[in-house]
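First to last, the protein sequences are chains Y and F.
Each residue of the first sequence is one higher than the one before, counting from 1 in the working numbering.
Each residue of the second sequence is one higher than the one before, counting from 1 in the working numbering.
I should point out that these hints are in silico values taken from the structure, not numbers from a laboratory.
Think of the CB as a built atom: it goes at the ideal place given N, C-alpha and C, for glycine as much as any other residue.
It cannot be assumed that every hint is accurate.
To be verified - Label-pair ranges, simulated between beta-carbon atoms:
{"hint": "1", "chain 1": "Y", "residue 1": "22", "chain 2": "F", "residue 2": "639", "range": "45 to 53 Å"}
{"hint": "2", "chain 1": "Y", "residue 1": "76", "chain 2": "F", "residue 2": "640", "range": "45 to 53 Å"}
{"hint": "3", "chain 1": "F", "residue 1": "653", "chain 2": "Y", "residue 2": "92", "range": "17 to 25 Å"}
{"hint": "4", "chain 1": "Y", "residue 1": "22", "chain 2": "F", "residue 2": "640", "range": "42 to 50 Å"}
{"hint": "5", "chain 1": "F", "residue 1": "639", "chain 2": "Y", "residue 2": "59", "range": "50 to 58 Å"}
{"hint": "6", "chain 1": "F", "residue 1": "629", "chain 2": "Y", "residue 2": "34", "range": "21 to 29 Å"}
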Amino acid sequence: MPGFSPNELSSYLIIGAILFALGLFTVLTRRNAISVLMGVELILNSANINYVAFSHFGSGSADGQIYAIFVIMLAAAEAAVGLAIVLAIFQIFHSIDVEAAQTLKE
Amino acid sequence: MDHPIQTDTLRWIVFLPLLGAIINGLLGAVIQKRMGKRAISFLACAPVILAFLLSLQAFATLKGLDPEQRFLIDRLYTWISLGSLKVDMAFLVDPLSAVMILVVTGIGGLIHIYATGYMHEDKAYWRFFAYLNLFTAAMLTLVLGDNVLLMFVGWEGVGLCSYALIGFWYQDHNNARAGNKAFIVNRVGDFGFVLGMFLLFWSLDAQGHGTLTFREMAKWASTLQGQTLWGIGVVTLATLFLFIGATGKSAQIPLYVWLPDAMAGPTPVSALIHAATMVTAGVYMTARLNFFFSMAPETLHVIAWIGVLTALMAATIALTQYDIKKVLAYSTVSQLGYMFIGVGVGGYAAAIFHLMTHAFFKACLFLGAGSVIHAMHHEQDMRKMGGLRHHMPLTFWTFAISVLAIAGTPLTAGFFSKDEILWLAFSSPHGNKLIWLLAVVGAGMTAFYMFRQFFMVFFGECRADHHTQEHLHESPRAMTLPLVVLALGALFAGWIGLPAVFGGSQFAHWLEPVTGGHAEEHASHALELGLMAVSIAVAASGFFIAYLMYYRETLSPERFTHLAGGFFYRLFDRKYYLDEIYQAIFVNGTLLLARIGSLFDQYIIDGIVDGSAALTRFVSWINGLFDNYVIDGIVNAVANITFWIGNKFRRVQTGNINSYLYVVLIAVVLVILAKLRYWS
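Work out the full structure, taking the sequences as your base and the hints as a guide.
Structure representation (C-alpha cells):
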C-alpha cells in the first residue's frame with residue numbers, strides 16, 4: 001500500500017480505525033458479556049493509539065501520551081466495574097448473556 | 001370681695017364623711033364581726049358630727065367678717081385646665097353654703113344617730129352606714145363646690161347614693177325598682193343640668209370670660225344680657241335647662257314621680273334624702289345661680305307656676321293616701337313646690353329659709369313616722385294604727401310639734417317661712433295674686449292632710465291586730481333624742497326669719513351678700529298682717545275639717561269623696577294617673593323603640609351580615625369550581641400528556657444493549673455522513 005510507513009501519521013490512524021472497527025464489531029455481535037467487555041477494551045486502545053499518534057506527530061508535547069496512560073487506568077477501572085456487574089448479573093440470571101438482562105423495559 | 005380668705009379646714013367637712021364611707025365600706029363587714037355594731041355606729045356618726053363642728057367653726061368665722069367679705073375658700077389643686085376652661089378643686093363657704101352645710105351636717109348627723117337605733121336589727125348594718133356617709137359626703141360636695149362642675153359631681157353623687165339607699169333592701173324587687181326609678185328620672189333632670197352648664201360656659205366663653213366658678217360667673221353674668229340663641233335669650237334658655245335639672249332632684253312636675261316611690265327605702269333614708277338634703281339640691285342650685293335666674297324673668301315665671309302647680313297637685317294627692325310615709329312624701333313634694341314659688345318670685349332667701357325650717361320639721365316627721373313604723377312591726381297603713389299617743393308619748397309630742405309647724409301654726413318655724421313665701425308671692429314684682437291664692441289653698445290642704453294623719457295615727461281606737469298591740473313600745477333613746485332636737489328646731493328655727501312687720505328677717509339679711517337685697521315693695525304692714533290672718537284662717541279651717549272627720553268623726557269623709565261622682569277622689573287617689581301616663585308614653589315608648597331596634601337588628605342588620613356571608617360562600621363556591629375544573633384540569637392534563645408520551649417512548653427501551661449500540665452506531669454514521677455532505 002503506498003504511503004504506508006511507520007513515519008506517517010495516517011498509518012497509525014488506519015491501524016487505530018481498524019482496531020476501533022474490530023472492537024465495535026465485537027461489542028455489537030457478541031452476546032457474551034465478557035466478550036463485550038473485551039470489545040470495549042479494543043475500542044479504548046484504538047483511542048489510545050490515536051492519542052499517542054497525534055501526540056507524536058502533532059504538537060510535540062507529551063499531553064496525548066499522558067492521556068493515554070489515563071485511559072489505560074480508566075480501562076482497568078472500567079473492567080473491574082464491568083466484571084462486577086457481570087458477576088451480579090450472573091448471580092441473578094444464572095447467565096452472562098446480555099440479552100437475558102432485559103427486565104428493565106417492562 | 002376679690003380676696004377671699006384661704007383656709008384648709010373646709011376640705012375636711014367633705015373628707016371626713018368620705019373617710020367614714022371608705023372605712024365602713026371596705027372594712028365594715030370585718031369590723032362588724034370583730035367589734036360589733038357599736039364600732040360601726042361610731043365610725044359613721046363621728047365624722048358627720050365632726051363635720052358639723054367644723055361647719056359651726058366656718059360659720060363663726062364668717063360671722064366675724066364684714067358682710068361683703070364673707071367668703072372662705074379652700075383650694076386644693078387645679079382639677080382641669082383645658083384651653084379657656086379652668087376648674088379648681090376648691091370648696092367655698094359663703095353665707096348660703098354655710099346655711100346648707102349646717103343643715104346637712106346637723107340634721108344629717110341627727111339622722112345618723114337615729115339610724116343606729118332604727119337599723120339595729122339589720123344584718124347589713126355596715127353597708128347602710130357606708131352609703132349614708134357617702135351620701136352625706138356627696139351632698140356636702142354639692143353645696144361646698146366652688147364651681148358648677150364640682151357641684152355637678154356632688155349632684156351626681158347624691159343621685160347614685162339615693163339609688164343605693166332607696167334600693168337598700170334590694171331583696172324585694174319593688175325596692176330595687178324604686179331605686180331604679182329614682183336614678184333614671186334623676187338622670188333625665190341631670191341631662192338638663194348638663195346642658196344648662198354647657199350653655200352658660202359656652203356663651204360666657206364667647207364673651208371672653210369662660211369660667212365655671214360661681215363668683216366669676218356672678219361677675220360676668222351681665223355680659224350675657226341681650227345674647228340670644230335660636231331667638232331666645234341665652235340666659236333664659238340656660239336657666240330653663242338648669243331648672244329641668246332642679247325638677248329632677250327637687251321632685252317638681254314633671255319629674256316628681258320618683259319621690260313617692262322612693263319611700264321604699266328605710267325611713268332614715270327618707271328623712272335624709274327627702275327632708276334634709278338631696279331634694280333641696282335644686283333649690284340650692286337656683287339660689288346659688290340666682291344672678292342668672294334674676295336676669296330671666298320668663299324662667300322665673302315658669303318656675304313660680306311649676307312650683308305652685310306641684311304644690312297643689314301633690315297636696316291633693318296627699319289628701320287620699322293611707323300609707324304613713326306616702327303622705328309625708330307627697331307633702332315633701334308639695335313643700336318643695338312652695339320653695340320654688342319662693343324662687344320664682346325672686347325670694348331666694350325665703351326659699352332657702354323654708355328649705356331650712358322644712359328640713360327640721362320634715363325630718364322630725366319622717367323620723368317620727370319611722371318610730372311608729374318601728375313600733376308597729378313595719379306596718380305602714382294608717383288604717384291599722386290609732387291611739388298610739390299612750391304608747392309612745394315622746395314620738396307623739398314631737399310629731400305634734402312638727403305637724404303644727406308644717407301646717408303653719410303661728411309662731412312655729414313653718415309659719416314664718418311659709419308666710420314669707422306667700423307674702424312675696426303676693427307683693428313681689430314677679431309674683432301675682434293668682435299664685436298667692438293657689439298657694440294659700442294648698443296651705444289649707446296641707447293643714448288638713450297633716451292633721452288627718454296625726455289623728456289617724458295617734459288618736460282613737462287602736463286598729464292594729466292583737467299581737468302588734470301587745471308589743472307597742474316607745475323607741476330607744478338613740479331614736480327619740482334626735483326627735484326631740486328636731487322638734488325644738490321645728491318650734492324655734494323660724495325666729496331667725498321674722499316677717500318685716502315684726503322687725504325683719506335676720507336670715508334674709510344674712511344671705512344678702514349672695515342673694516342680693518329683696519326687691520320688696522314696702523307694702524303696708526296692715527296688708528301684710530291681713531294676708532297673714534287669711535293664711536292662718538285657711539290653715540285653721542283645714543285643721544277643723546280634719547278634726548271633725550277624724551277626731552270627732554261627726555263629718556263623714558264620704559261626703560267629699562262622692563263629690564262629682566267620685567271623680568276627684570279617683571283622680572287624686574290614682575295620682576292623676578301620671579304614673580300610668582309615663583308608663584304608657586315613656587316606658588312603653590322606650591320598650592317599643594327597643595323592640596323596633598331589635599327587629600331592625602334581626603332583619604336588616606342580621607340580613608346584611610347573613611347576606612354578605614352567603615355572598616362570600618357563593619364566591620368561594622365559584623372559586624372552588626374554577627380550582628377543581630380549570631386549575632386542576634391543566635395540572636392533570638400536563639400529567640396525563642407526560643404519562644402518555646412516556647408510555648409511547650417506553651417502547652424504545654428494549655433492554656437489549658446491542659440494539660442500543662446499533663442505534664448509536666447508525667446515528668454516528670449518519671452524523672458523519674451529514675458532516676461530509678454538508679459542512680465539509
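Now the hints, each set against the structure:
About 48 Å separates the C-beta atoms of residue 22 of chain Y and residue 639 of chain F, a value consistent with the hinted range of 45 to 53 Å. Residue 76 of chain Y and residue 640 of chain F have their C-beta atoms about 48 Å apart, which keeps the hinted 45 to 53 Å range intact. In this structure, residue 653 of chain F and residue 92 of chain Y meet the distance hint of 17 to 25 Å, their C-beta atoms being roughly 19 Å apart. Between residue 22 of chain Y and residue 640 of chain F the beta carbon distance is about 48 Å. The supplied range of 42 to 50 Å therefore holds.
In this structure the supplied range 50 to 58 Å holds for residue 639 of chain F paired with residue 59 of chain Y, their Cβ-Cβ distance being about 54 Å. Take residue 629 of chain F and residue 34 of chain Y: their Cβ atoms lie about 59 Å apart, and the range 21 to 29 Å is violated.
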